[in-house]
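Quick mapping for you: the protein sequence lines, in order, are chains A and B.
Counting in my numbering, the first sequence runs from 1 upward without gaps.
Counting in my numbering, the second sequence runs from 499 upward without gaps.
It is possible that some hints are incorrect.
Claimed, not checked - With a Cα cut of at most 25 Å, we get these calculated DMTMM-like pairs of lysine to aspartate or glutamate:
#1 A:Lys223 / B:Asp629
#2 B:Lys508 / A:Glu292
#3 A:Lys447 / A:Asp462
#4 A:Lys447 / A:Glu189
#5 A:Lys101 / A:Glu296
#6 A:Lys101 / A:Glu222
#7 A:Lys447 / A:Glu199
#8 A:Lys101 / A:Glu292
#9 B:Lys508 / A:Glu293
Everything labelled a hint here was simulated from the structure, so no lab data went into it.
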Amino acid sequence: MLEQILEGISMALTWQGLAMVALGVFVGITMGAIPGLTGVMATAILVPFSFFMPPVLGIPFLLGIHKGTLFGGSIPAILVNTPGTAPAAATCLDGYPLAQKGEARSAVHMALYASTLGDTFSDIVLIVAALPLAAIALMFGPTEFFALLLMGLTVISSVTGRSVVKGVMAALMGVLIGLVGIDFVSGAERFTFGIPGLEEGVGLVPLLIGLFAISEMLIKAEKSAVEMARPPEGAHLKGGRPLPLGELRRSARTILRGSLIGTGIGAIPGTGAAIATFLSYAAAKRTSRNPEEFGEGSYEGVAAAESANSAVAGADLIPTLTFGIPGDSSAAILMGAFMAQGLRPGPGLFEENAPTMYAIFTLLLLGNPIMLLQGWLLTPLFARMVTIRQSLLVPAILLSCIVGAFIFHNYMGDVYLALFAGLFGYWLRKLDIPMAPLVIAFILAPKAEESLKQALLYSHGDFSVFLTRPISAFFMGLAALILVLSIWKRPWAEPRDG
Amino acid sequence: MQKTVFGVRKAAVSTGLFFLLFSLVYYFYLIPQYIVFSLPPEGISRTSLQPHFLPRIVIVLFALMSIFLIVGALRQQEEEREAVVGARALFQVGVVFALSCVYVYAQELVGFSVSTPFFLAVLIMFFGTRDWRYVVPFSVLFPLGINYFFWFGLQVILPEGTLW
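Sequences and hints are given; from them, build the entire structure.
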């Protein structure tokens, strides 16, 4: 094992490896700093670019983007009170008041330190936890694995979004799309309509680009021309001072707590960074010596939100890499990238690709000091991104989506697929149907069907096998419990806002 | 204030009905017609291993969820005034989508380099920026940069068009 770790480290420590992480972090912070461009969207658009690189470069590039967007989202939150990404919403509460007091620079620096520390913490937890968890998962047979996938899907469908019905509906849509292609048991063609490109199933990359990026651009296209063409109010870092060391010291405990909360929440499929940030913020306010400062411009508030937000980055990869169950949309996209690179997330990942995985982990860790350095040196540049007008941004992103979908297989059919997936995603967003269960179910459907059929083959078609084997029965029971608890009130219930 | 095309309730009910109809078509038409066996069906001993086993279960659940969606929407308080999408917004989304489709088709005919500057210029102006100091450089230089990056950086040839 030590030999594999050393081999992985030597694979990682090349100038190309470091350059790709640095590029990923730079692109991520830049995209995160543009209001309305989410990390999920940035990763979805840039996934096809990673296919031109070997896994030890392509995956760290995407992980760098993932990291960068989480911190980048705090910049517009602090400067113009508009969160660059949804999880950065809690950062607005104290970041913007600080900027109004002329302390924008130090608030961004606090966000940077808290993000870097939170991210580093969760990366370490990921590295320490991944191998033992994968070893446990290796003991699962198809019966246990199907039950585990079903439980994961149930959790994601029930927890994501505001309505259980809509979550389950989204997951079922994902399964239906995932069923297109050749059935592995019988060799039958399912819903290919004679199109050769569909024999291998619906392309993951065009689907991701359509659902996450094009749909978002269509939402933006709803705005009036006046709104689109108007440059945002000037956001700048004029004046201000570097973050006083005392403030950082005062927030150390908050950052640690935020990192723990972010890592804990991030490791649970279907939760995500937005929940973690608000939980961390609430906990920090409750335990602070100066709770009255929260909401008025508290550095602790910024630290609480940002540490938890970034701690999710590493933690949501724990179920993804060990069990093959992506915890949220970002993890689902990253899982797609792993699969496209020939690395199959799940129990066998570490056994089959140990040096590559250690190389990826090394670069994942090194991405944190790189982010710190870039944040320090380039914050004024990133702050300029906040002011890009939407009338230029939307066409540029749409073009990038179209090119990204095309280069997946150099096939125009993929571009049309991405466009129609975008329109479909637009309508789903309007109806508040969450996208994450759809994509995760789409990715998991073939594996789940394979496990189901293998389990039924071994049991001679007896379905009770899922309830008679203890681990499988445990997962099935947990899935049922979660579903029942979620629909306790009424299956169609939608909690009210606020 | 723009005219509401779809209120929250109307949108959920019509989508639920559409999904329900889709489920029926899927179950009674798509499954029998578009699952093409490579082995004779009787060669696969168990129903649970047949290729239409999972699609049938999933679509039945989907139909059930569609009914829940409709019921849930009908039981909601009257919220018709809350718009899912207004007439102007729907028009703008339609235009952007149609322009994108036309652009992709144009790429097949005249190639990336010729079609992209027009696409970008039209979209930028549609979104309200009419200042040529922005429109011209952006719509010319951005595609040039992309083309250069793909050609030299990734050795990928973007569509060159079938007309020439």
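Query - Violating hint indices (sorted, rising) - result: 2, 6, 9
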